[in-house]
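> Using the sequences provided together with the hints, build the complete structure.
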Amino acid sequence: MSLDVSLQTDPGVLSDDPVMEARRQIEICNACRYCEGYCSVFPAITREKVFADGDITQLANLCHNCRGCYYACQYTAPHEFDLNLPRALASARAESWERLAWPGGIAKVFQARGEAVAAALVAGFAVMFALIAALPGEGEGFYAWLSHGAMVAIFTPAFLLPLAAIGVSLRAYWREVGGTRLTLADWREALDAAGRMKNLSGGQAGGCNYEKGERYSLARRHAHQAVFWGFLLCFASTSAGTVLHYVFDAKAPYGFFSLPKLLGVPGGILLTVGCAGLLMLRKQADPELGTPGRASGERAFVWLLGFVGLSGLVLYAVRGTGLTGPLLALHLGAVLTFFLLAPYSKMAHGFYRLAALLREAQDKRVRNG
Amino acid sequence: MTDAKTLSAETWDVVVVGGGNAGLCAAIEAAETGARVVILEGAPKVYRGGNSRHTRNFRCMHHGPLGPLIDTYDEEEFWQDLLRVTKGETDESLARHVIRQSAECLPWMEAHGVRFQKSLSGTLSLDRTNAFFLGGGKALVNAYYLTAQDLGVTVAYEATVKHVGIDAAKATHLEVDLAGETVTVKGRAFVLASGGFQSDLDWLARAWGPAAKNFLIRGTPYNRGLVLKDMLDHGAETVGDPTQCHAVAIDGRAPKYDGGIVTRLDCVPFSIVVNKDGDRFYDEGEDVWPKRYAIWGRLVAAQPDQVAYSIIDSRSIDLFMPSVYPPVTADTIPGLAQQLGLPGPKLQQTIEAFNAACRPGTFHPQELDGVATEGITPPKTNWARPIAEPPFYAYELRPGVTFTYLGLKVDLKARTTGPQGQYDNIWSAGEMMAGSILGQGYLAGFGMTIGTVFGRIAGQEAAAHVA
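Each protein sequence line maps, in turn, to chains A and B. Numbering (my numbering) for the first sequence: 1 to 369. Numbering (my numbering) for the second sequence: 1 to 467.
Hints are computed from structural coordinates only; laboratory data are not their basis. The beta-carbon is built from N, C-alpha and C at its ideal position, and this holds for glycine as well. You may find that some hints are simply not true.
Below, simulated BS3-like cross-link-like pairs (lysine-lysine); rule was C-alpha separation at most 27 Å, straight line [what the hints assert, rightly or not]:
1. LYS118(B) - LYS49(A)
2. LYS261(A) - LYS251(A)
3. LYS213(B) - LYS276(B)
4. LYS49(A) - LYS291(B)
5. LYS276(B) - LYS212(A)
6. LYS256(B) - LYS49(A)
Simulated restraints, written as ranges between beta carbons of each label pair [stated by the list, open to error]:
7. ALA116(A) - ASP127(B): 49 to 57 Å
8. ASP411(B) - LEU191(A): 58 to 66 Å
9. VAL46(B) - GLY105(A): 51 to 59 Å
10. ALA205(B) - GLY213(A): 53 to 61 Å
So this is what it looks like as structure tokens:
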């Protein structure tokens with residue numbers, strides 16, 4: 001089979017287009033290959049000789065921004081090849097999320113002015129909840145403030161519609177990267193890589209390069225694991241509550257030794273501590289290796305997620321006091337903001353990342369046998 | 001940033017000249033004994049590490065699996081490999097010393113921050129003999145600088161050593177240009193590890209004539225051989241052919257310096273290679289590329305303007321590792337010639353003659369297939385398949401210099417020798433003395449082995465001298 005060399009770029013000609021620039025850098029990496037042991041991106045690169053746009057999208061989403069390759073690279077500026085693969089892939093990645101987001105346009109606004117958007121939404125929804133709460137209540141605990149029926153009426157669509165939007169985007173992603181039918185083995189490998197955050201391990205390095213520059217560290221992987229598993233515990237807690245409510249007719253409020261609390265309290269703590277950790281590490285890391293122009297959106301997402309965790313914990317701590325009402329409004333406002341922004345905020349990265357890991361597992365299986 | 005005042009304020013126990021692999025190993029060994037150590041690195045921080053930053057592995061003797069290495073690679077096999085590439089231009093006692101010491105270097109490297117990975121794709125043939133650094137040589141250099149920093153070693157960047165002050169057989173100080181300011185650095189022991197002279201084109205031109213100006217330098221522009229030259233002026237004993245350098249054929253569009261690994265080009269065996277007059281000049285299919293790329297550096301260097309063009313057709317474009325530069329592409333031979341600036345009719349004639357000399361046979365890109373030409377000079381003895389299926393592709397070739405062979409003569413303790421016998425307190429390590437062991441040819445990963453073994457020895461000896 002002949003090779004479409006017209007896809008190749010000149011390594012010395014930098015591009016402002018994120019996909020073209022990522023392609024230029026990936027081609028240099030493919031001719032070098034010194035970084036193969038850091039993560040999944042480099043072995044995936046070596047399976048190709050030229051890179052179509054879909055290949056770039058896939059590689060960009062497979063990159064976890066561990067930055068090992070940057071500090072190891074002999075071609076970083078001032079070398080004329082000016083390599084900064086973490087940044088190039090982060091750019092192409094952000095570009096792909098914004099392009100694939102449905103409906104389009106919203107993601108761009110959030111990424112550029114994330115903190116303002118998130119703060120305005122949390123405040124707005126909190127006021128809305130406070131107003132709704134002013135209506136006469138009908139139940140115990142939180143339901144004395146906001147009826148169960150009202151919560152379901154608001155949060156069911158607020159949860160399902162964004163999920164549907166993400167589904168539309170993921171379908172487009174899968175088509176773009178050339179994904180086919182998945183096997184159980186693909187799922188097993190991808191979930192294992194995601195669950196252990198394998199691509200932030202640095203391979204034999206035993207850590208990634210973030211807050212300590214060229215020194216390897218596990219701090220970011222640990223903080224991210226706290227957020228990831230904390231989030232899943234909180235989600236499991238809510239799901240447990242839903243099941244208790246509808247299946248077992250056991251209504252909130254629940255005591256500490258109940259499934260929702262036993263999952264939710266540690267989850268909230270992990271989420272809060274993890275987000276605080278990520279924000280602190282982020283301050284020490286070199287912004288030049290991250291996504292250009294998206295710092296606001298990325299920070300806002302971590303703040304928002306941490307705030308959901310923290311306000312949930314505080315809400316539990318102040319139960320039965322007069323603070324419950326205002327805090328409930330704030331917490332629900334934050335949760336609603338988080339849900340509605342999910343397809344357009346950094347939250348989307350989790351879904352794309354999993355899709356990229358699935359595609360990587362699949363491609364590896366198909367090509368390497 | 002280490003300033004002139006810090007450098008000149010004290011008499012250092014050990015002064016290390018050159019902050020590449022060998023210098024770093026020496027500095028770490030010396031600092032671990034408690035010595036006050038300074039590294040004078042000629043490059044700015046971003047380009048520190050000399051040619052070590054372009055390396056990727058370390059050749060290592062071992063009995064049974066060791067780190068990333070499989071099976072066994074014993075002293076005798078290692079020695080025979082070295083003997084073959086150097087054609088005897090080596091010092092057996094020094095060479096065997098390096099080979100024996102290499103085994104214990106690997107765990108030492110790991111203990112000092114170096115991380116390994118399994119051999120890279122496309123390098124399976126090396127997974128028994130060469131341990132690959134995770135992230136390559138720059139990651140290794142970074143790890144050693146961090147280790148040195150943790151041990152309290154002082155590092156001065158942009159510190160160019162201009163002169164070694166020697167009184168009888170004893171070095172006393174160095175004259176250093178520190179980012180434009182002249183500083184005297186005093187020390188009790190000196191380790192010289194500042195590489196060869198391959199980036200000084202004028203020096204190369206003295207051996208090679210004006211052709212050297214057209215050579216590309218694959219590695220750092222900072223290896224200008226200033227300290228080596230100064231030691232020659234002192235009358236220090238040397239080894240290695242002063243005129244020779246290791247050069248390979250690389251993509252002619254590569255940067256003048258520091259192009260490193262990505263400028264390699266693996267298409268020659270599947271191509272015909274012509275010079276700027278459109279003439280073939282050597283058997284492109286003599287052997288597999290890993291065994292021939294080194295001689296092609298010299299072959300291209302001997303052609304007019306030190307340039308050549310490797311030409312293939314569409315059937316061969318997918319047979320080799322991708323070059324980082326896109327090929328020049330055309331649907332006709334005259335079209336290709338025009339883009340390359342070659343005489344079109346002549347190129348057409350050369351290719352027609354070649355095609356007519358090709359004989360039927362079964363083409364096997366991965367092995368010597370014996371598919372050869374008949375009746376043309378020079379012949380092509382393998383993979384001779386007509387250049388006939390458009391589109392046609394061409395890559396420009398130029399000589400890329402890797403390193404020079406001239407170095408300081410050392411003994412088993414890395415000690416150098418002057419006109420009046422051994423110097424009291426000057427040791428040398430790395431490329432600067434590698435010519436003692438690798439007097440000709442090249443053995444993948446062996447430069448790093450020499451640098452690590454002799455860097456460590458030089459550091460230990462220098463520290464013992466001042467203890």
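> So, for every hint listed, does it hold in this structure?
Status of the hints after comparison with the structure:
no., hint, verdict
1, LYS118(B) - LYS49(A), "holds, 21 Å"
2, LYS261(A) - LYS251(A), "holds, 13 Å"
3, LYS213(B) - LYS276(B), "holds, 17 Å"
4, LYS49(A) - LYS291(B), "holds, 24 Å"
5, LYS276(B) - LYS212(A), "violated, 51 Å"
6, LYS256(B) - LYS49(A), "holds, 25 Å"
7, ALA116(A) - ASP127(B): 49 to 57 Å, "holds, 54 Å"
8, ASP411(B) - LEU191(A): 58 to 66 Å, "holds, 59 Å"
9, VAL46(B) - GLY105(A): 51 to 59 Å, "violated, 40 Å"
10, ALA205(B) - GLY213(A): 53 to 61 Å, "violated, 40 Å"
Consistency with the previously given hints fails for numbers 5, 9, 10, ordered from lowest to highest.
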